[in-house]
Each structure stands twice: as C-alpha cells, then as structure tokens.
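6 protein chains.
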Amino acid sequence: MADIWLPSLKTATPQEGFDLATKMARVGVKVTQPSAEIRDKLRAAYDQDTAQLIASSQVIAIHFQTVAAANNYWRD
Amino acid sequence: MADIWLPSLKTATPQEGFDLATKMARVGVKVTQPSAEIRDKLRAAYDQDTAQLIASSQVIAIHFQTVAAANNYWRD
Amino acid sequence: MADIWLPSLKTATPQEGFDLATKMARVGVKVTQPSAEIRDKLRAAYDQDTAQLIASSQVIAIHFQTVAAANNYWRD
Amino acid sequence: MADIWLPSLKTATPQEGFDLATKMARVGVKVTQPSAEIRDKLRAAYDQDTAQLIASSQVIAIHFQTVAAANNYWRD
Amino acid sequence: MADIWLPSLKTATPQEGFDLATKMARVGVKVTQPSAEIRDKLRAAYDQDTAQLIASSQVIAIHFQTVAAANNYWRD
Amino acid sequence: MADIWLPSLKTATPQEGFDLATKMARVGVKVTQPSAEIRDKLRAAYDQDTAQLIASSQVIAIHFQTVAAANNYWRD
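Protein chains in written order, with the working numbering: chain A, 1 to 76; chain B, 101 to 176; chain C, 201 to 276; chain D, 301 to 376; chain E, 401 to 476; chain F, 501 to 576.
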C-alpha cells in the first residue's frame, strides 16, 4: 500500500466517482486482509452470497457520498 | 460496465431520484458480481429473505441521500 | 410503481416527515420484491423478528435524515 | 400513532436530544410492529442479545445526527 | 439516567471527541438494557466476538461524525 | 489509551486521510476490547471472514467521510 492509489477525490463524471468509490471499498477490505491470495480464495465464497453483495454495495454507497460531496455533485 | 449509466445525479423529481438511487444500489451489486446469470440465480433466494430486502432498502436510502443533496432536495 | 408516490420531500411537520420516511423505507423493499402477495407472507415472519424490526427502524432513520434536511429541519 | 409525538426536533440540551433520538428509534420499530403486546414479548429476547443492543444503539446514533443538526449542535 | 451525562458536544481535541463518541455509543446500549448486572454478563460474550466489536466501532464512528461536526472539525 | 493518537483530523492527502480513517476504525475496536492478546487471537478468525472484512471496510468508509469533510475534501 506504499504506492499512491488515492491522489484526489476529484473525478470528471459521477460514473467515474462511482468507480472510485468501488475502489475505496475494496481497499478498505485490503487493509484488513492484505494477502491477495487469501482474498482471492475468500472471493469465491462471498460473490455467491447475496447478503455480502448487498453489504459491499452499501460500502460503495457510503464512499460515493463522500466522493460526490468532494465533487460538489458534479454540478459545476 | 463500459457504457455510460450515470451521466448525472440530476433528476426532475424526487421520485425519479429514488429510481436512480435504486439503480445505483443494483450497480453496486453488479460491480462485485458481474455475472448476470449468477445474479439471477441468487435473486431467487434473496427476494424471499426479508433481512436482505431490508438491507437492499437501506442501500437505496443511502444513495437517495446523495441524489437528494445533489438536487438540492428539489427545492428550487 | 408507475403512479406518483413521491411528489415532494416537503412536509408540514417533523412527524409527517417521519411518516414519509417510513413510506420510503417500505417502497425500498417493494422495488426489490414487487409481489404484494409474497411481501404479505414474508411480513408474518419479520414483524416477529426484533433484529429485522431494528433494521427497518434504521432504514427509516436514514430516510428521515434526508427528509429533515429537505425541510431545513422544520426550523423556518 | 394518530397523536402528536414529534412536534419539533428542537431540544434544550444535547442530552434531551439524545432522549428524543432514542424515542425516534423506538417509534421506528413501533410503526413496523404496532402491537405493544408482541413488542413486549419480543423485548424479553432482544435486550439480552448484545448484537441487537448494539444495533439499537446505532439507530439512536443516526437519529441523533439529525436532531443535533436540527439544533445546530446546541452551539447557539 | 437522570443525571447530566451529555451537557455539551464540545471537546478540546479530536481525541476527546472520540472518547465522547465512545461514551455515547455505550449510553445507546444502556438506554435499551438499563441493568448494569445484565450488561456485565453480556459483555463477557460480546467482547470476544469480532463481528460485534466491529459493530461497536461503527456506532462510535457514527457518533464521532456528529461530535466532529459540532466542533467544526477542531479547525478553529 | 492515555497517549495522544488523534491530535488532528488534518492530513496532507486523501490517501493519508484514508489511513487515518483505518486507524480510527481500529481504535474503535480497541476501546471495546482493550486486550491486545485477545484481539490478536480474534484476528485469526475475522480476517478470513468476508462478512467481517466488508463490515470493517464500512467502518473505515464512515470515518473517511468525517476525515474528508474535516479536510474540506482536500480541495484547497
């Protein structure tokens, strides 16, 4: 995690902001379980589990709130 | 997901904003489980599970907060 | 869901705002499980399940945040 | 629920605001399960279940955000 | 709970704000389960349960949002 | 916890803000379960449990909202 993955919250469009929120949700998992090997193994389980898919969607939604505010809702 | 599905957070009415929030919640699931076939199979389970229906409603509520703020609560 | 159920976020009082938030939480379930028959059957289970009652209360709380902000907290 | 239980979000102190948030969280349960008899029976279970106690505390926290904002954080 | 435990949301530092948020999360549990004896018994279970520890951390995070806003993020 | 771990919410970059949010989420667990020995033992379980990894990611997301607002979204 030493490299720069989050230089800015600014994005050109809402959709790019959604992609950024998705990335932030994934990094939030990665900082707790840094092993890519274990995460890949775990993924096989959770992407078939709707409760966890919905929970993932919720984390994206929370990050998207932040990204959207940072971009002034792309109103400018 | 290469096409444009979220060009703007602006909607004409609160109800259209609610529809957009619903769409965003679904895309949040889709980015984690991209297979439409698997999602359809999973849907058969979760739309009979009230805990997951409530969780889905919660993700919509979070996205609706963002959409409503982006539209200045349709006060203008 | 073609009819207009959310024309505005404005309400006369906080309590009417709470009622609106409750309605929004329910519509959030309805858009995922559109069958009234299935929802009625499911209701028999979940309204005896405190974890789900609390989860429902949480969705209402999130929507109420939005409705309250839209009404400038009924301060005017 | 026909009587007035939420005439205003204004409270004199943060602590009264916390009490109001607690009340709002309970009403959120009540609107889903209106039977006091059933709620009393259910309470015997959930007030011994820490997961549900924490979930209740979370709903209070969300409502308290709203009440605190409505009172301008009691800064005036 | 008759005594004054929340006279103000103002704290001198972010860290004291975090402590206050922790206290608010605990009081949110206490108002639902007022018996200290039962809470002590329950604590033995939940402080070994990571899911509940994470849930507790989440309630603190929500209250900290409120406390931080009340203190204008300690920017002044 | 007597030492100063949260002197400020200001960070130089969004990414440092994310790191701070991660730390805050962990401290939120630590205040409930202060024993490092028990937390280490528990960690062995939860970092293999995707539901808990997602829940951890969510707590980070909530704290990141606060940190981002405190830094005016690093727009200045």
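To be clear, the hints were calculated from the coordinates, so they are not data collected in a lab.
All values reported here derive from a predicted model rather than from experimental measurement.
Each hint should be verified, as a subset may be incorrect.
Straight-line Cα separation of at most 25 Å, BS3-like style, residue types lysine-lysine; simulated pairs [claimed, not checked]:
1. C:K223 x B:K141
2. E:K430 x D:K341
3. E:K423 x E:K410
4. D:K323 x C:K241
5. C:K210 x D:K341
6. F:K541 x F:K510
Stretch by stretch, here's where chain B covers chain A in the computed footprint (C-beta under 8 Å, at least three residues) [to be verified]:
7. 29–42
8. 45–57
9. 61–74
Using N, Cα and C, we set each Cβ at its ideal position, and we do this for glycine too.
Verification of the hints:
{"no.": "1", "hint": "C:K223 x B:K141", "verdict": "violated, 29 Å"}
{"no.": "2", "hint": "E:K430 x D:K341", "verdict": "holds, 20 Å"}
{"no.": "3", "hint": "E:K423 x E:K410", "verdict": "holds, 14 Å"}
{"no.": "4", "hint": "D:K323 x C:K241", "verdict": "violated, 29 Å"}
{"no.": "5", "hint": "C:K210 x D:K341", "verdict": "violated, 37 Å"}
{"no.": "6", "hint": "F:K541 x F:K510", "verdict": "violated, 33 Å"}
{"no.": "7", "hint": "29–42", "verdict": "violated (count 0)"}
{"no.": "8", "hint": "45–57", "verdict": "holds (count 9)"}
{"no.": "9", "hint": "61–74", "verdict": "holds (count 8)"}
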